[in-house]
Amino acid sequence: MKKTVFCVISVFLFLGIMGVAIAEQLPTICAVHPYTGRFAFAGIEGAAAMQDVVDMTNEAGGINGKKLQYFWADGEYKDDVGIAAFKRLYAQHKPQITFGQSTGMTKALGPEIKDRYKTLYSAYTFAEEAANPKVNPYLFLPGPTYVDQFGVILKYIAKEKPGANLAFFYSDTEFGREPIAAGREMAKKLGLKVVAEEISQVGGVDLATQILDMKAKKVEYCIFQGFVSNPIASVVKQSKDYGMNIKFMGTFWSTEQQLLNELGPLAGEYTGVSAYSFYYQNDLPEIKKIQAWTKNKFPKVQYRSQSYMAVYMSTLLFVESFKRADKMPGGFNKPENLVKAFQSIKNFDVGGLMPPVTINDNSIPVGRVYRGNPSTLKFDPISDWVRLE
Amino acid sequence: MDFSILLQIVVVGIAAGGVYGLIALGFVLIYKATSILNLAMGEFMTLGAFVCFTALTSLHLPFYIAFIITLAFAVLLGVIIEPLILRPMIGEPVISVVMVTIGLGVILKGLTYMIWGPVYRAFPPIFPPKPLLLGPIVVPSGLLWGFLFAIATMAVFIMIFKFSRTGVAMRAAAFDQQAALSMGVSVRKVFALSWSFGAIAAVISGVVIGNMSGLNIYMGDIGLAVLSVIILGGLDSIGGAILGGFIVGILQNLTGFYIDPLVGGGAKDIAPYVILLLIIMIRPYGLFGKVTIERV
Amino acid sequence: MRSGDFKENYISDEAIFPSLFARFWVAALLVFLLVFPFIANNHLLYIANMIGFAVIGAVGLNLLTGFTGQISLGHAAFIGVGAYTSAILVTRYGFSFWLSIPLAGMASALAGALIGIPSLRVKGLYLCIATLASQFIFGFIFVHWESMTKGITGIHIPPPAIGALHFDNERKFYWITLFFVLLGVGYARNLIRSKMGRAFMAVRDRDLAAEIMGINLFRYKLSAFAISSFYAGVTGALLVNFLKVVVPEQFSFMVCIEYLAMVIVGGLGSVIGSVFGAVFMTLVPEVLSVLSDIVKEAAPEMASLIVPFKQVVFGFLIVSFLIFEPRGLVEIWNRIKKFFLLWPFSY
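Protein chains in written order, with the numbering used here: chain L, 14 to 402; chain B, 154 to 449; chain D, 820 to 1166.
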């Protein structure tokens, strides 16, 4: 019985693949989005962003006249499901550019992407490992690494209160732990004291011990890493209950509207780093474009989050790399051309979504500090775009 | 040794322990009557929390009505699940029964996801936000009200069991099914009712925890940690569940505060399981459980 | 004309392939398995390898739970122990992949025997909960014993090799997997018709009576845990050498549930049942993924419902098999076999 099942499936897929292989190899992007699972809030927005950029590009004539192909699968934010989905997509469509769902998947597939698949690759991550062109030139980040973001925060704290007591509050995951070691080093160099490190599960229920630990160690600034909104809002609220006066800061994925909605009147307690402008900053041309597109195609959608912006940015860079590589001898089907094209991006205007983009070590090391505004429940920029090296 | 911090931790532990005790009560109620360990309790909790959430936000009902709706839902859940899924499993080996409850949990988790999605949501505030101040000790509002709800529910259950006809019938069926049947107790109804009671305990805990730390589909994972409470207290002892809840709550918070920094975090979450293993090795029937001695 | 299935001596009764029917289909299966890698693409080979690993793990779990009646909710932890042992031996101490496999198995066997100790004091539900606790405790160790396991970052493993031949893609690794699957299934099949296998089944059916008859419960229960964990260790070692990376999330409680589902859906107490269960429970999510791709094109709004739907289907399968077909897929297979065995007198 299982043999028959095998045979049938083999035959079907075999025919399907033969069919695809015979067709001409158009510019193709394949993505694994965390459409369900713990990171779904980002995956759903990211998938929408990628689809929007692909549609916008094809409406404007595609890649120098060729239609941009785009296929995606749900990785459920689980590494094994994501890797299987990646392999399935690759076998079916042979993309030149791919996109992954997490830091974990990036680390797992990294060596194979370099040696075997040779696609330009980015993901829902800002880990250092994906911005190391000497080790793996195919991986890149559409923004600053977590370590860079920590750098922005720590420099900001050192300016505001030199020698302050810090706590790192991070999640018990790859995403949470990634920049912590580097963060400790940077803090030491800036003369800041990391007096406490609190760890919690994502979605931890009872955080009293972590909060009380921070109280006992007289923490003045608490930096979150590896969470989105839960349990940041609980920590902020409960620390007020315990009579503590801590300033809270965080990196990219938590500097989101969702967090401000939960903090409500306490929104002003949170300051975060983001690499992109926000959806409501509609004095910027690219934001206006996104707003117009969204209102036109998806009238029910009220807001696009920073996750949307991050993937939007990645896809813009994908499209630009395709266009530049297309003009090179061998076209975009030669992996080295795509890498060269990508790394050649300098002062690329993205309409205010970020300052003009220059790729540096396969990442874009710029960031901006925003503080929550309790009356408007929006983020106000409290610094200019900071360039990190 | 900073005594005020130690006392604070113990107080927080007691408050958290009250909630654990409530969840444990749910387990025990079902086990006592039907000898089934319902590993889907966590998912019952999550479902209950989401139902209450929807009643509050989409239907804009005041809390006490939303709460009553949630309780009604719990009763419905118990009454539907028991005959549909558990009745056919009577007489099957233990592993099948355990797997059925696990399978049920997986189904419920999937359904919850399909209906409400993966987005983490904040519970609309239903309790006054001011914390309770006992001298230097602070009890945050979420914990405080959770504790009060848990204690109130436990008290109600204990009174039902002691004084009402239904309660006495349930105790009789749990003690000796044959004798209860011969006295005219409908054991079928008792089974369904005990599942409903268990579900009620679960959904109340769900509402309380949802209020404390927000709602998402993973909040039910705490259900498995509560197994340590019921093992400590004894699988079929109500008093044991309550007492065990407090003990585990305090131990867990103490571990979290003093040991977490030594092992780089996570000790707090693993503490219940270590306690569990120790108890099973030393005294498997817990503090008040019925001892079935089998010596070969 | 056959009118029944009659055996004339104990030896033929104990034979693994009792009839021409069985021998024919097994031979056909072997031919298919040998030809498969040459006709399948990389994705199918990936699935085939994953099925292979699942088979080994499921057979191991069935030995413990189906044959010896000891409930274990901790199988994923043992897979993890084997996986990490192999990874650490290969990357840190320079062992060859081939040597690391039996060592990984033994490390898991040791862990299994350790966790099996409570089985001497408690049974049934309590044992179940004890193994559950150890599952979480091992998970904690995987994450926090960073000096050995590199915690959340995980360990990257180079592909195994014999001389210059590197097994670095799905097709080449298939042969390794096939070898171990045949070895594992063959050994298990022989084990259960040996003295130890019969002792296991006696322990499952009535352990007090077994003790009275002279079966040392201590020895056989621990052996069951050890052997089952050995299988799990081999599964883990193979899995991570195939994926070339080890991270703690690969050994979660959900994995335990998946293996238990395989064993139950396939059939408790039957080696071929574990094979069926492993194949079935690995293919179902794959088929659903393919379906989800189709649904995505046709009705994009439904895309985010497919994955939780997979969960619902998974849970539903477990529950329905338990209620309607508690002996599992192997029972269905047996019915088909009996039908053809006595055809045309199959009534």
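Note that these hints are calculated values from the structure, not bench results. A few of these clues could be false.
BS3-like, lysine-lysine: derived pairs with alpha carbons at most 27 Å apart [said to hold, decoys possible]:
(1) 100/L <-> 253/L
(2) 1063/D <-> 147/L
(3) 283/B <-> 260/L
(4) 310/L <-> 391/L
(5) 283/B <-> 228/L
(6) 127/L <-> 253/L
(7) 250/L <-> 283/B
(8) 127/L <-> 969/D
(9) 100/L <-> 347/L
(10) 1115/D <-> 308/L
(11) 1063/D <-> 127/L
(12) 201/L <-> 1115/D
(13) 359/L <-> 100/L
(14) 391/L <-> 107/L
(15) 942/D <-> 79/L
(16) 250/L <-> 79/L
(17) 991/D <-> 100/L
Coverage of chain B stretches by chain L, computed from C-beta distances (three or more under 8 Å per stretch; other residues unrestricted) [as the list claims (entries may be wrong)]:
(18) 157-167
(19) 331-345
Simulated restraints, written as ranges between beta carbons of each label pair [unchecked claim]:
(20) 80/L <-> 847/D: 22 to 28 Å
(21) 211/B <-> 68/L: 57 to 63 Å
(22) 1145/D <-> 210/B: 53 to 59 Å
(23) 244/B <-> 849/D: 37 to 43 Å
(24) 391/L <-> 210/B: 44 to 50 Å
(25) 988/D <-> 73/L: 35 to 41 Å
(26) 221/B <-> 1027/D: 47 to 53 Å
(27) 364/L <-> 286/B: 38 to 44 Å
(28) 387/L <-> 218/B: 28 to 34 Å
(29) 387/L <-> 933/D: 18 to 24 Å
(30) 244/B <-> 844/D: 53 to 59 Å
(31) 1135/D <-> 211/B: 24 to 30 Å
Positions of the beta carbon are idealized from the N, C-alpha and C atoms, including for glycine.
Do the hints match the structure? See the list:
1. 100/L <-> 253/L: Answer violated: residue 100/L to residue 253/L is near 48 Å, above 27 Å.
2. 1063/D <-> 147/L: holds (21 Å)
3. 283/B <-> 260/L: Holds, at roughly 21 Å.
4. 310/L <-> 391/L: Within the cut-off at roughly 25 Å; holds.
5. 283/B <-> 228/L: holds (19 Å)
6. 127/L <-> 253/L: violated (49 Å)
7. 250/L <-> 283/B: holds (11 Å)
8. 127/L <-> 969/D: holds (23 Å)
9. 100/L <-> 347/L: Measuring from Cα to Cα gives roughly 20 Å; hence the hint holds.
10. 1115/D <-> 308/L: Answer holds: residue 1115/D to residue 308/L is near 23 Å, not above 27 Å.
11. 1063/D <-> 127/L: holds (14 Å)
12. 201/L <-> 1115/D: violated (50 Å)
13. 359/L <-> 100/L: violated (32 Å)
14. 391/L <-> 107/L: violated (42 Å)
15. 942/D <-> 79/L: violated (67 Å)
16. 250/L <-> 79/L: Outside the cut-off at roughly 53 Å; violated.
17. 991/D <-> 100/L: holds (16 Å)
18. 157-167: It holds, with 4 qualifying residues against the three required.
19. 331-345: Not satisfied, violated; 0 residues make the cut.
20. 80/L <-> 847/D: 22 to 28 Å: Violated, since residue 80/L and residue 847/D (Cβ atoms, about 46 Å apart) do not stay within the stated range.
21. 211/B <-> 68/L: 57 to 63 Å: Violated, at about 32 Å.
22. 1145/D <-> 210/B: 53 to 59 Å: violated (42 Å)
23. 244/B <-> 849/D: 37 to 43 Å: Hint holds: Cβ distance 40 Å, inside 37 to 43 Å.
24. 391/L <-> 210/B: 44 to 50 Å: violated (22 Å)
25. 988/D <-> 73/L: 35 to 41 Å: At roughly 39 Å between Cβ atoms, residue 73/L and residue 988/D fall inside 35 to 41 Å, so the hint holds.
26. 221/B <-> 1027/D: 47 to 53 Å: Given about 50 Å between the Cβ atoms, the range holds.
27. 364/L <-> 286/B: 38 to 44 Å: Given range 38 to 44 Å: violated, Cβ gap about 53 Å.
28. 387/L <-> 218/B: 28 to 34 Å: 31 Å Cβ-Cβ, so the 28 to 34 Å window holds.
29. 387/L <-> 933/D: 18 to 24 Å: violated (55 Å)
30. 244/B <-> 844/D: 53 to 59 Å: violated (35 Å)
31. 1135/D <-> 211/B: 24 to 30 Å: holds (27 Å)
The structure fails hints 1, 6, 12, 13, 14, 15, 16, 19, 20, 21, 22, 24, 27, 29 and 30 (numbered hints given earlier, in ascending order).
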